[in-house]
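Protein chains: 2
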Amino acid sequence: MAVELLLIIVAAAVILACACAALNYFTTKKLKEGTERMQEIASAIRVGAGAFIKYEYKIVSVIGSIVAALLIIFVSWQTGLAFIIGALMSAGAGFVGMKIATYANVRVTNAANETRDTGKTLKVAFKGGSVMGLCVAGFALLGALLIYVIFGIACHQIDDVLGNTKPIWTNWTKLDAGFTMTLSGYALGCSIIALFNRVGGGIYTKAADMGADLVGKTEAHIPEDDPRNPATIADNVGDNVGDVAGLGSDLLESFVGAMLSGVILGCEIYAHQSLTNIANGLIVSEALLKAMLLFPMIFAGVGLIGCVVGIFYLLLVPLKKNTNVHMQLNLATWISAGISVIGCFLLSFFLFKGHDAEVLKQVLGFKAGNFSPWIAAVLGIAAGIIIGIISEHYTSYDYKPTKGIAKSSKEGAALTITEGMATGMISCMLPVIVLGVAIYGSYAVAGMYGVACAAIGMLSFVAATVSVDTYGPISDNAGGIAEMSFLEPEVREITDQLDAVGNTTAAIGKGFAIGSASFATLSLLCSYIYAFRGEDIIKGVINMISLNVVDPLTLVGALVGAAIPFMFSGMLIQAVAKAARRMVEEVRRQFKEIPGILEGEAKPDYENCIKISSQGSIKEMRIPCLVAIAIPVVSGFVFGPEFVGGLLVGAIISAIMLAIYTGNAGGAWDNAKKYIESGGVEGVKKGEEGYDAVHDAAVVGDTVGDPLKDTVGPSLDILIKIMSTISLVMVVLFNKYNLFDALHIV
Amino acid sequence: MAVELLLIIVAAAVILACACAALNYFTTKKLKEGTERMQEIASAIRVGAGAFIKYEYKIVSVIGSIVAALLIIFVSWQTGLAFIIGALMSAGAGFVGMKIATYANVRVTNAANETRDTGKTLKVAFKGGSVMGLCVAGFALLGALLIYVIFGIACHQIDDVLGNTKPIWTNWTKLDAGFTMTLSGYALGCSIIALFNRVGGGIYTKAADMGADLVGKTEAHIPEDDPRNPATIADNVGDNVGDVAGLGSDLLESFVGAMLSGVILGCEIYAHQSLTNIANGLIVSEALLKAMLLFPMIFAGVGLIGCVVGIFYLLLVPLKKNTNVHMQLNLATWISAGISVIGCFLLSFFLFKGHDAEVLKQVLGFKAGNFSPWIAAVLGIAAGIIIGIISEHYTSYDYKPTKGIAKSSKEGAALTITEGMATGMISCMLPVIVLGVAIYGSYAVAGMYGVACAAIGMLSFVAATVSVDTYGPISDNAGGIAEMSFLEPEVREITDQLDAVGNTTAAIGKGFAIGSASFATLSLLCSYIYAFRGEDIIKGVINMISLNVVDPLTLVGALVGAAIPFMFSGMLIQAVAKAARRMVEEVRRQFKEIPGILEGEAKPDYENCIKISSQGSIKEMRIPCLVAIAIPVVSGFVFGPEFVGGLLVGAIISAIMLAIYTGNAGGAWDNAKKYIESGGVEGVKKGEEGYDAVHDAAVVGDTVGDPLKDTVGPSLDILIKIMSTISLVMVVLFNKYNLFDALHIV
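Same order as they appear, the protein sequences are chains A and B.
Counting with the numbering used here, you get residues 533 to 1278 for the letters of the first sequence.
Counting with the numbering used here, you get residues 533 to 1278 for the letters of the second sequence.
Warning: the hint list may mix true and false statements.
Copies of the same chain look alike in the list, so a pair counts if it fits in one copy or across any two.
Said to hold, decoys possible - Pairs of lysine-lysine, DSBU-like flavour, derived with a Cα cap of 30 angstroms:
1. K561 <-> K1218
2. K1268 <-> K893
3. K1218 <-> K749
4. K1151 <-> K942
5. K1110 <-> K1218
6. K1110 <-> K749
7. K932 <-> K852
8. K1206 <-> K652
9. K942 <-> K1218
Bear in mind the hints are in silico, worked out from the structure with no lab data behind them.
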């Protein structure tokens, strides 16, 4: 089969990405670490991060084994095995990426110290970050390929079904059950690691940060990143744990979710839509089905190759000493995205060429012929970029909203909080409209399959965006090391410059994270509904997939579902506060019990702080995560799949709003504080009278915003993804066994 | 027709309620006002409140006339006229209730001063509040009766249709269009006044409050309610404007919405459900239809009579000097509710007796025969009470959550905010579950009609709940007058005691407000869907009402809809802040320009503050309200009714969450501050070292929470009600004329 040969592109992309990641890993590691003090600090951070990830993975492996066993027993061995592969891939990417980040940070500091050259320093930081980016996309695709090889999924499994019993739709349940569940098992494996890395990491990083600040800045009046503060190493570990490993596995999950929901939707549409069109003689051919199934993976492979080009452009191009960092990073991203778009265009053209035009139009809803998937993908990419730009508008202090918050700090903390809240709330509307246009547009041009294409489009150059996103925390860490190693201020200036650009790119990255999570979960939701409404379609009860939201069971599900993200967010905020309090107590204890610590004569016990943060974060994440996983599963077995459908709709809608709200409010508070520090607010200058009161008010805003933007917001993405994935894995069971059905209540 | 004779109950209830309201009005007014200073202050408040309401009603009358004209031209003269009647009823109730509240406040102070008897003072305050309660229910029913008489709606209009063209379903559109639109025109009239009173009043009250506090407490260090503060009268006016007139018209609107959605649903179910059951020979008889149409109004009438009994119990029963205020108020409510429940039981029994049991069961979904509507109503009442109790749990300082917030104030303002936010977010889950159980339960027992019955049940004793809710701000005002008139502390103690109970009852009242708004809007949503899907049912495209939330247009609608309450809330918060800033400037100006003001030698210019608050609040409410009204209308004409259906679902779901979140977080911050003041937090005592810092942190929380709980939360109720009502009025037009249909996009 000629079309399948295209999978070679995927294999080539995986090998290329992994080889490049390995190259960048080892060449980064070979760079010099600098002074002994720098080595010492870097090693403390590295050991701390390693300790956390080991502790976390130990617990994950227990929970993961239980889940895998349950899946094997109650669902199928294929699903269980796919789950394990997913978990290994995601855990692997997180581990490698974080490892190199903890090697890269000190080497960035050293590069800045030795060369005093922004361009050269940027290359070191970006090379470190690129390992994570390449691993995320490479491992995700590797896992998908493995599953393809092991189970002969994608085309082979379908061939089986086709071979055994034609026409396929009479046996769609076999295809469906095996196919959907195995693939969603893979996604679930990625989800569970993402949950731990993102939620656990998010609690870790903010608990350490708040703990360090609350005692350090407020009580002991020592600056940030001061080595006398026992929590300072934990704070730096947190950046690696939350912002590197957490972000990486979060986007890996979105990437897998988008890709697989495209494959699943393609298959389901094939199985179900054909049914309703038999009367007109419009039947999807096997070749077209294959095109639909292969498109997502190959598109992802093409995107990955584009990213390798984009990344190596930045690593190899000669840079000036005072290079425009922002522009260079953007160039790398644009090159990656550009190659993705061109590759997708060719792919869309060739894969969907030569099929019956009427079938494409009537059955699949491809309004623009074989270019339809490409247009949908471009819509997704455009939406991601625009949402990022909107986030920047609301959170950067170059624009009115954040300036307004900074100004209102003059009137005290209450108005800082009030203004920030208002900004965050108002900022929900525009991104949602963009999302809506992209969803409706991609549907209008390429049917339900188009929505999945838009999601894949948004994530096709994920390797580049993750590289850029990871470079940020590496630079942040590098700055911390410079501070703690008493290097000259010039060094810090260079790392600060890199860090500042990282903050801007992070805002756009967050736009992509929220946008892609929304798209991925919405396609997963459609797959979910296909999976449980399929029989109704066959029986002729309904003639298209639908979820009736005024059905009381679904409506109640939607109401309860909408409350889940709120409850989850509230619990996470409390979790951060609790873990931070433990840290505060420990820092206070050390200040009291270790004499000479504040004079810099005695070394604080960094390890103990790291231990407290690790254990605290894992402990505090248990209940919120359990709630996220248990609610859909339990309610599915009690109230049935219609209820869970409503639950997912409600949860997705309210999580998107809360994620935008928390992300933008938190970002705006953070930058409002920086704006005041930069002297932007009229009449408020550092050192002058009244400055402290205004700055204190802004610090309250920043402290409130920290857990919102770095723990709650990102975790909400995971929440809806894991809820959708787990429901998709279980839907066949919900359909067969549920209490309401058994009691004939419905 | 014998059944229609039952409408005499309604007429009797209206006359009784209005007569009692008049009696209480005039007997309250006849009471003595006390010293000259008291009279002077009370008169200032009264004049201020009157000035605001006049200014507001002037603007409302312009906008209302335009809306009425548009309705008459584009919809029907009946709808326009019904709209005017609704607006007049709501405006009338708000006016009368607020007027007497501004007479009652000083009389309460005087009663406390003269008698030093809590029981007697309570009676004066409650008598004042009862006028509002009786007017709300009386005027709402009066308007409904007027419409009945004028248009012969309810049974006569249907008789017409029946007479002209049997069977009714072939001509359902005539029935539907006339009936639904006229009735929803009435509801829309009530909505528009509620919007102005609640949103405008909410901005007014918090702008004055924050303005007074920001300069008075923080800058000039004078206590609350100090007559030297120029904004203090405006602050007291605000209580009357926001908490009396605003709350009254809010609940009046819910009451009307619930009642009418019951009537509309009954009619639509009759018209549509019959269709699908013709094959089985299950046809709803005209007598059963009448029962369904009359039940809501008569139930409301019975409830009103019960409230008159409950209210007069408290006014006539002999009370001890140190009576248990809380228990007495509860008794009055329980008596009212009890009579409602018993009346409903009899009504349900007699009205639905003697109909075909199979029709009741199969067509209407009455699982418990003729008692079904009663069971649904009881479920609604129970849900309202339980949601109120849950609110109390999260906001009263007798329980853990608020104590936790108070404790975290020791660690600074940031953690106070963080904890309060977390509490508010977590508090969303339980009320939603209760709501869900009630919705599903009332549906399971009495079909879609049951959901409307539950809403009516919750509001059947609205006269009693509004009386209790209005008594709170009257007592609050009385305390302010006592303070400003330099009366003995004992007087203030009595009014404070009444005020404290008022705060607790207000929490439960808020539970009812949110619960009833949710129920009312959900029934309105069902009516909306019936109205635009009716034709599909006739054509056989669908066989039950449904709104497919995975239809892309509806899904995008739901996403955008969910963002509306967030944007609306953010805009309202900013509106309060803006209006408060104007007040701050004015107070600062007076302190600077009027010599001797802080020494108590010169009188501040209260009028100017009132003027600034009035104009500011009306100015600032324009854009948020315009957005609320314009979005559904414009998007209906562009994207069609499916989109608006999604919009409503999304908006209702997210508004319920935000309303619970803002209400509970705000209440908890408020009471956390009070808990600290009462000395409840360990190691934090008034006058001791460190108290001020803790208290300051709590004040930040309280200030942040104020606009959330008193402006945003209540306004969200109105937002979703007015969005649903206006969509219901316009749905027939959306269906006929929309751009997407015209361009054949869908």
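Okay, the hints, checked on the actual structure:
no. : hint            : in the structure
1   : K561 <-> K1218  : neither (41 angstroms within a copy, 60 angstroms between copies)
2   : K1268 <-> K893  : between (35 angstroms within a copy, 28 angstroms between copies)
3   : K1218 <-> K749  : both (17 angstroms within a copy, 27 angstroms between copies)
4   : K1151 <-> K942  : between (39 angstroms within a copy, 25 angstroms between copies)
5   : K1110 <-> K1218 : between (33 angstroms within a copy, 27 angstroms between copies)
6   : K1110 <-> K749  : within (19 angstroms within a copy, 33 angstroms between copies)
7   : K932 <-> K852   : neither (33 angstroms within a copy, 60 angstroms between copies)
8   : K1206 <-> K652  : within (27 angstroms within a copy, 58 angstroms between copies)
9   : K942 <-> K1218  : both (14 angstroms within a copy, 28 angstroms between copies)
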